[in-house]
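Chain G is already provided as a structure; the job is to place chain H on it using the hints.
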Amino acid sequence: MNPISPAVQELQKLLGARSVLWQPDDLRVYSYDGSNNMATPDIVVLPETAQQVSEIIKIARRYAMAIVPRGSGTGLCGAITPIAGGIMIAFARMKKILEIDLENRTALVEPGVINLDVSTALAPSGYFYAPDPSSQAACSIGGNVANNSGGPHCLLYGVTANHVLGLEVVLEDGEILWLGGKAPDEQGYDLVAAFIGSEGTLGIITKILVRIMPLPEATRTLLAVFNTIEQASRTVSGVIGAGVIPAAIEMIDGTTIRAVEAAYNIGLPLDADAVLLIEVDGPKAGIDELQQMLADFCLEFGAREVRIAKNEQERADLWKARKTALGALGRLAPNYYIQDGVVPRSKLPYILQRQDEIAKKYGVTIANVLHAGDGNLHPNILFDAREPGALERVKQVGGEILKLCVEVGGTISGEHGVGLEKLDYMPLLFTQADLDEQAKLRDAIAPTRILNPCKMLPQGHGCGEVAKSKLPQAIAGNTDVWI
Amino acid sequence: MCGFRNNWRLETLSSVSNLQFPISLFNMTTNFGLGGLTPQTIYEPREAQELAQLLAQCNAESRAVVPWGGGTLQYLGNAPARYDAVISTRNLNQVVEYAFDDLTITVGAGMTLANINRVLGEHGQFLPLDVPHPSRATIGGVLAAGANGPLRLRYGPARDYMLGNKFATVDGHIIKAGSRVVKNVAGYELHKVQVGAFGTLAILTEATFKVFPRPPAEISMWAAFAELNDACAAVGQIWNLSTPPLALEWLDAATMNLIEPNAHGAYFVMARFGGAQATMAAARDVFTHAANEQNARAVETFEDTSKAWRAIADLPATLRETFSDALCLRVSVPPKALQNALRELFALAQAQKLAPPRVFAHAALATLYVSVDGDAAALETFATQLRATVHKLHGYMLIERAPSALKNLNAWDDAETTLKLMQSIKRKFDPNHILNPGRFVGGI
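These protein sequence lines map, in sequence, to chains G and H. Position 139 (the first sequence) corresponds to 258 in the working numbering; numbering is contiguous. Position 366 (the second sequence) corresponds to 598 in the working numbering; numbering is contiguous.
Possibly wrong hints are sitting among the right ones.
Among the chain H residues that face chain G by a calculated CB cut under 7 Å, a handful are [said to hold, decoys possible]:
id: 1; residue: 536
id: 2; residue: 565
id: 3; residue: 626
id: 4; residue: 657
In case anyone wonders, no lab produced these hints; they're calculated from the structure. Quick reminder that beta carbons are idealized off the backbone N, C-alpha and C, glycines included.
The shape of chain H in the complex, shown without the other chains:
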């Protein structure tokens, strides 16, 4: 017998949740407010079938539902248009099946990333989904938000290694899509459509992943640069090394300071390499060589790789929490446009007499996290102009969090050409518009 069913249960603060008395101790200490609205009811179903029934009940009563995992990504998106109830997935926190010798795992949607990786770690395996707050972020929430971290460079987005999932629909069914094996082309890829859909189509209850063996050895390096173009050229060169990095980040001095307070330089590039122990010295050499070719002022090795990358994965949250009044943006552009996007955003901030934005990027994926504070009117102009610039670079901009004076800014770009299709999909899966209404693209 190879796969096994793991009956080990996480400690929960309370199991008093039920339909009649749905508020648990956990819920009394959690702030479920969104955009100035608070829900009347917090449901904490004990298992998936009960969750589906609750969702169907809300649907029958046209009550607006916000699906809730760990709440770590609820700051994303627009304020809900209506908000009556929370349906929490926190009790769906079990390993359903871990077939370690197949390198696959099936988990409840409410299981946290930290707990999933603790289970996998016992067999030297891991799920390369390095998002902030892993001890609170649930896999369901991370999938729904389409969140990713630095390791996406090597392992791809979660969509690529998620093999299947189950979700509760507004008519009360638990639907299975995809499979539990590593290759499957039977049926429409409904499971992938749930990823990044912000819980506007259904509520994820379970997901299956292909997991990965941990690299036997790792090494992580950083290099400091005085000039922006040198740092960006280094990104291009390191991305193309014969020993490709698992992750490759670009940081400015302000964000680097949150990771490595003693680093001196204007711009930084850091890379994470993994593989056989024998290959790590070669990785260090090629990184050093590439950085020096681009006039690096310093090249260093991180003493504690996992600590450093935990801090880097947490950076979006650290920036948001450290500079709590700042406007937080996420910009993605084609990889080649990284340098252009950086130049443009610094110039636009300067033109609005804003302090220099704090920026870091998953460099080879050209996904930039920007934190900028200042006068509300100047911030609004900056955001509007940057959005237009990013579109010219064929990219996208998401306002992750706006200061309270700017709450009316649309978090999302205008979907334009694809909106009609998306609305049509939404109507089919959630005809009464009860799931996260108004929070997603185009008012969905």
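Same shape as in the complex, but just chain G:
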């Protein structure tokens, strides 16, 4: 018997008809994330409470259907692609900021809350939530936690994991559990750490207690223009090696600059090979000296020009190049395939040169936008998905770049996650024994594998019977993603 229609009936009884989607046209928009992966869930539900999430999971188990959680769908690794079909839990209606506790420096939020909304709500009190993925105006905190997301200011403030103090999770048996809290050092195993970045495979997150911070007293932003990308990447290594940790160091290459200029005309030199966007923040005392030091540093390493933001408007203008970069790539090609490798920061000049060679070998164009201070590469490999074999070719290019990252001591994903996208690359980084050990954690907490099956660990580690009936339908065609 097809389990879908009785499951729909039970879910409708639980949530009401308007919170259960199952008509093909309604499901289609839930087939995508920000990557090139696609698969359609059988049912989408929109719960409003943890108790409802718990009941949904119990229903899913009765009908042996997979559960896939979804925040805003901005993810870049196919972590929410419902490759085994099943029930997708969308958190669009769980987006309340439940509590702001300034004295304890915490905020308690539901998983569907948009990242930027937390900082916006905190701003009048002089606080902010530090992790800032470039999609922060659209991505959800729940998704950030599931993927341990990063962002430009991670350089100083650290990734999402460093800012989550507690979680309410629903386990695969429907139990609702609190982990962590406002007091430091909950006793026992660090279950909060285990759940962060677990891509919805261990439990479904229904509340998040985040750490908030006072806004820095002052911020200074500068943009340095370089004739060669090598000069720019040497500057990054030089700054870090000199023991200066700015709040952010972002790099944009010449290809991207020209796309941004064509789209937005913000006044960047078209003949530059790279620009660095550097930001420092902290107490007012001493910050101008720090900014000057960084500007001098850039000039010393060969920058031909350094622009310094004199006010908030100019700061926003300088950031515009970075924030609009990916959207602007549409000027160059209909599609791009984004990668997320990380290398030791001192290896940036080397890796960018090698990457260039790979691009030439395959005859593709790569537009680079980097969280350079962290050594986190975002090569966007441009292509036209209508061209037969094009997607396969860019994936090959991406694979070669990731292999190179691992070879120089780096990793295959800095902030986007494994999802489906990086499954095949996990063995570059980990031995079979390493992967088996990771599977033990998953099997200790979520042994039935109905929670987001086939993610995180490659074949043989859980893409079980549940997934066999559906095959991944990789298609290219997304145009609106952020990094």
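Quick look at chain H alone, frame taken from chain G:
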């Protein structure tokens, strides 16, 4: 070539350890007793692979193993349920890779904090893990115990800047988790699960860290207060200064006396600031202003910042060693509850007619170290009542060390809701229950 492999080797007392004859000179002078039990065998493997083999051998023979670094934190936790062997990490004491221009370092688990920081210091860098006894405490032991010091306020817990590690499993593998670069989301964060797991899942053999440049300049201040609420209000105010402190401590007169014998006052708040030289005068001014607003009786600058903070970082050990019969507790509560927790604990001690407890706290993290002595029955009532009070404040209490008459007190809180998950994790990683059996939360 940027990263380099450091072949410099620490002096060891002996390298005679091997499977047939595992007792070295070092081991003959170390007391491995725990809760009245002593091990039959002390293994001192020379490298990680050998350590993993020994662990697998113990597992095959169901022999209970206590992983041992410098032994400085072995007083924590309950007595082992069984105790057959020690596996020491002391020979894993090498720098594996120090990429100073990437600000990352990979070290063997048996390397001491002092030696790690000596290596980092040559490049003006450091690991902000300011725990007691750095010349003996090994990085593996400190991570396993989840230990932290005052600098956690600025740099976070070790978990946050540890990028990856390797550990030996009971089936004899060396497992890698995490990475050596500053951002990585590939795979489950198994490396973080090892932190604070008290060596009950595996034995750490190596760890990689993001390290930090030393602040170019530092200044440290203290202020004395007559009233508890003034001192606690000062903590809140100083935590929120535009020049945020690297560390912020609260001390009573007894603990302050161990640091600065000439200080007069009932309660003390001290702060450590770091940054550009130009900002230090501003830090001194804002601290002084904040303290004076809360009726400080005196505001002083420490003459020797590093000496003062070495003494403060050592305080948990100093208290334990100076008052060797005292009940030692560690309490953590939400930061806002610091004052409540202090009031409650003084009142509960008084109700049991105990002498006033000696207390200091990592103030903005609301982690309190308490040392109290007296009659065993009164201490037991005090501990039980304080534990209940702390739970009402949504905090946790660890009995770090109990006087011998109270050895049956559970060191840990009841884990209640999360115990089932933790037991399930333990079963997966150590099915024969040979790693530190019975010492951790919930009898794990």
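So, going through the hints one by one against the coordinates:
no.	hint	verdict
1	536	violated, 23 Å
2	565	holds, 5 Å
3	626	holds, 6 Å
4	657	holds, 4 Å
Hint check: a violation occurs at hint 1 only; the rest are consistent with the structure.
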